[in-house]
Amino acid sequence: MIPDEIIREIRERAGILEVISDYVALKKSGVNYLGLCPFHSEKTPSFNVNTAKGIYHCFGCGVGGDAISFIMRMEGLSFPEAVKFLARRTGVVIPERPLPAAEKRLRDEKEVLYEVHEIAGKFYENLLQEGVAGAACRAYLENRGVDLALARSYGLGFAPESWDTLTRYLERKKFPLATAEKVGLVKIRERGGYYDGFRNRLLFPIKDIHGRIIGFGGRVLDDSLPKYLNSPESPVYHKSEVLFGLGMAKQAMREKGDVFIVEGYFDHLALYRAGVRNVVATCGTALTDAHLKLIRRFVGKVYLLFDADNAGKKATLRSMENFLREDFPARVVQMPAGEDPDSFLEKFGVTAFEDLVSAALPVFEFFFRDLCAQEDLGSVEGKVKVLEELAPRLQKIADAVEKDLYIREIARFLGIQENDVRRKMGKEETSRSPVRAVKEQKKSAAGAEEMLLSLMGKYPEVVRQVAEFGPAQIFRAEVLPVVENLIRHAMENRRIDWSELLDSVNSSEERSRLASLFISEEHLEDMDVRKAFDQCRRTLDRIALLQIKELGLKLAQADPDSESYHELLRRIDSLRAKKSLLK
1 MIPDEIIREI RERAGILEVI SDYVALKKSG VNYLGLCPFH SEKTPSFNVN TAKGIYHCFG
61 CGVGGDAISF IMRMEGLSFP EAVKFLARRT GVVIPERPLP AAEKRLRDEK EVLYEVHEIA
121 GKFYENLLQE GVAGAACRAY LENRGVDLAL ARSYGLGFAP ESWDTLTRYL ERKKFPLATA
181 EKVGLVKIRE RGGYYDGFRN RLLFPIKDIH GRIIGFGGRV LDDSLPKYLN SPESPVYHKS
241 EVLFGLGMAK QAMREKGDVF IVEGYFDHLA LYRAGVRNVV ATCGTALTDA HLKLIRRFVG
301 KVYLLFDADN AGKKATLRSM ENFLREDFPA RVVQMPAGED PDSFLEKFGV TAFEDLVSAA
361 LPVFEFFFRD LCAQEDLGSV EGKVKVLEEL APRLQKIADA VEKDLYIREI ARFLGIQEND
421 VRRKMGKEET SRSPVRAVKE QKKSAAGAEE MLLSLMGKYP EVVRQVAEFG PAQIFRAEVL
481 PVVENLIRHA MENRRIDWSE LLDSVNSSEE RSRLASLFIS EEHLEDMDVR KAFDQCRRTL
541 DRIALLQIKE LGLKLAQADP DSESYHELLR RIDSLRAKKS LLK
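In the working numbering, the protein residues as written are 1 to 583.
Hints listed in this document are in silico derivations from the structure and should not be mistaken for laboratory results. Since the model is a prediction, treat every value here as computed from it, not as a measurement. Please note that a few of the clues may not be correct.
[As the list claims (entries may be wrong)] Listed next, with one range per pair, are the computed distances between beta-carbon atoms:
hint, residue 1, residue 2, range
1, G15, E142, 44 to 52 angstroms
2, K173, P80, 55 to 63 angstroms
3, Q395, A472, 30 to 38 angstroms
4, E12, E563, 47 to 55 angstroms
5, G192, N143, 36 to 44 angstroms
[As the list claims (entries may be wrong)] Below, a list of computed lysine-lysine pairs in the DSSO-like style, where the Cα atoms sit at most 30 angstroms apart:
hint, residue 1, residue 2
6, K403, K385
7, K256, K301
8, K314, K403
9, K43, K28
10, K396, K301
11, K174, K110
12, K396, K174
13, K182, K256
Backbone N, C-alpha and C fix where the C-beta goes; we use that ideal spot for every residue, glycine too.
Could you put the whole structure together from the sequences, leaning on the hints where they help?
This is the structure we're talking about:
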């Protein structure tokens with residue numbers, strides 16, 4: 001845990017203009033600085049930096065925050081890693097807590113494992129690029145359209161057929177073979193001694209997000225089995241948390257806002273060679289929640305690009321539930337039968353591939369269509385089978401509006417009632433308010449709330465008015481920490497620490513939204529703040545009334561003995577109390 005006072009010192013020393021200028025060309029524009037956003041592709045600058053407040057916001061893609069969150073996004077780091085990154089830059093010393101003996105041993109062991117992978121990686125790469133033993137592998141790559149320059153950009157290597165080439169090299173380097181054995185680079189002979197773990201294979205180095213080699217994927221040059229041999233799990237390599245090629249792809253991912261996920265190393269290489277740089281590959285495992293968390297640091301959308309065979313389809317469907325549960329938009333690029341991305345690009349080229357991407361389906365729609373194609377929808381039995389498969393997946397869709405729209409479409413396509421679908425999900429609903437009305441209510445509430453927050457950021461008198469009314473009676477729970485922070489600073493006559501203010505919100509999306517409100521104040525100049533406050537208050541009062549009416553309709557149809565009935569009563573009482581205080 002890094003002390004708060006150290007984090008504050010780092011923020012003060014790491015001027016946001018200097019930090020961001022290392023990545024973006026900025027020009028003065030009014031009170032802000034303006035440049036092309038590094039997180040998405042644009043021709044007209046929409047990336048704003050406010051040096052007085054120490055925050056940034058892009059009005060094109062919506063990202064925003066402070067210097068630490070900028071480094072987190074740019075470098076793909078966690079919060080503590082980004083703080084340490086800026087500490088090194090500013091010369092701030094972070095006091096190291098004394099490590100328990102076991103933790104210190106693990107850290108030291110990891111450093112040694114990184115070192116042996118680096119040694120082996122350079123050794124294998126040199127054999128491929130220049131060694132006599134690598135001639136057959138160079139010919140193999142040439143036959144697959146991979147030149148030595150492309151091989152070098154990946155750090156590809158070659159493990160010769162000999163049983164002890166790497167073993168003898170490590171011995172000459174006086175590197176402990178027992179350490180190399182822990183990560184599968186060498187193996188123990190039954191009669192004593194060691195032999196090489198990879199032999200007669202093209203080697204793809206697997207790297208972590210910082211570019212350190214943590215394992216290898218080895219492919220045979222002929223038809224022998226196993227076709228691929230990967231490094232075993234180790235203290236530095238966990239395949240469920242690592243994506244091949246992420247270090248090469250992260251800049252393009254930030255610019256494009258999306259990423260292609262493929263299954264194999266050569267599929268990755270084929271797309272990269274074709275100019276598609278926002279691509280990563282799994283390392284012989286299904287997509288996990290840890291993978292999605294890693295990807296989400298850089299992009300907001302995923303394209304799944306697996307083989308057209310049954311294994312590829314199963315991999316797509318396995319990953320679907322993760323995307324639905326995490327509310328992470330994903331589309332499926334469908335390969336023609338018998339093709340994988342590598343073979344397709346070789347036969348048909350980039351333009352045909354772009355056409356496939358344009359026709360990509362949302363992952364749940366792909367699943368629904370595939371399911372319907374397998375069953376006889378003209379029979380009751382076929383429809384029931386489809387519903388049985390769909391129901392548990394529908395429940396995993398996090399977005400309520402998206403779920404409702406899919407229920408409506410499934411009912412229409414199968415020729416059944418929406419409630420039939422809901423009953424299968426165990427969630428029968430006889431009446432619902434129109435989706436559009438709900439959206440409009442939320443939009444109006446958000447607009448009034450945003451205006452009030454903007455006014456609080458500029459005018460202390462608005463802060464005092466909000467404090468008198470009670471912030472919990474006006475704002476959503478998600479932004480209450482920010483509101484209370486603003487009130488505390490105003491009451492104590494302290495200068496607002498905008499970075500600390502944004503940090504009080506857990507959601508990165510909410511932080512970006514708040515940054516957009518505070519980044520500029522020109523539109524608030526010469527405003528009648530009392531009148532603006534009253535207008536916002538009346539808007540929120542009107543919305544509370546609409547919400548009470550909507551909940552009243554649901555209450556009339558709920559079972560008085562059910563938990564949902566009492567929950568609706570509680571929500572109505574809360575809204576009535578809030579509405580009375582807003583008057």
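* Beta-carbon spacing of E12 to E563 - inside the hinted bounds 47 to 55 angstroms or not -> Given a distance of about 50 angstroms, which is inside 47 to 55 angstroms, the answer is holds.
* Given the proposed pairing of K174 with K110, does the C-alpha separation stay at or below 30 angstroms? -> holds (18 angstroms)
* That 30 to 38 angstroms hint for Q395 and A472 (C-beta), does it hold up? -> Given range 30 to 38 angstroms: holds, Cβ gap about 32 angstroms.
* Asked: Between K396 and K301, is the straight-line Cα distance small enough, at 30 angstroms or below?
  -> holds (18 angstroms)
* Asked: Under the criterion that the straight-line Cα-Cα distance not exceed 30 angstroms, is the pair K403, K385 satisfied?
  -> Holds, because 19 angstroms separates the two Cα atoms, which is no more than 30 angstroms.
* Keeping to a limit of 30 angstroms between CA atoms, is the pair of K182 and K256 held or broken? -> violated (39 angstroms)
* So does K173 sit 55 to 63 angstroms from P80, Cβ to Cβ? -> violated (34 angstroms)
* Does K314 pair with K403 here, judged by a C-alpha cut-off of 30 angstroms? -> holds (23 angstroms)
* Please test the hint of 36 to 44 angstroms on the beta carbon pair from G192 and N143. => holds (40 angstroms)
* Holds or violated: K43 to K28, with C-alpha atoms at most 30 angstroms apart -> Satisfied, since the Cα-Cα distance of roughly 18 angstroms is no more than 30 angstroms.
* To do: Take a look at whether the Cβ-Cβ distance between G15 and E142 falls inside 44 to 52 angstroms.
  => At roughly 50 angstroms between Cβ atoms, E142 and G15 fall inside 44 to 52 angstroms, so the hint holds.
* K396 and K174: Cα distance at most 30 angstroms? -> violated (54 angstroms)
The structure shown violates the earlier hints numbered 2, 12 and 13.
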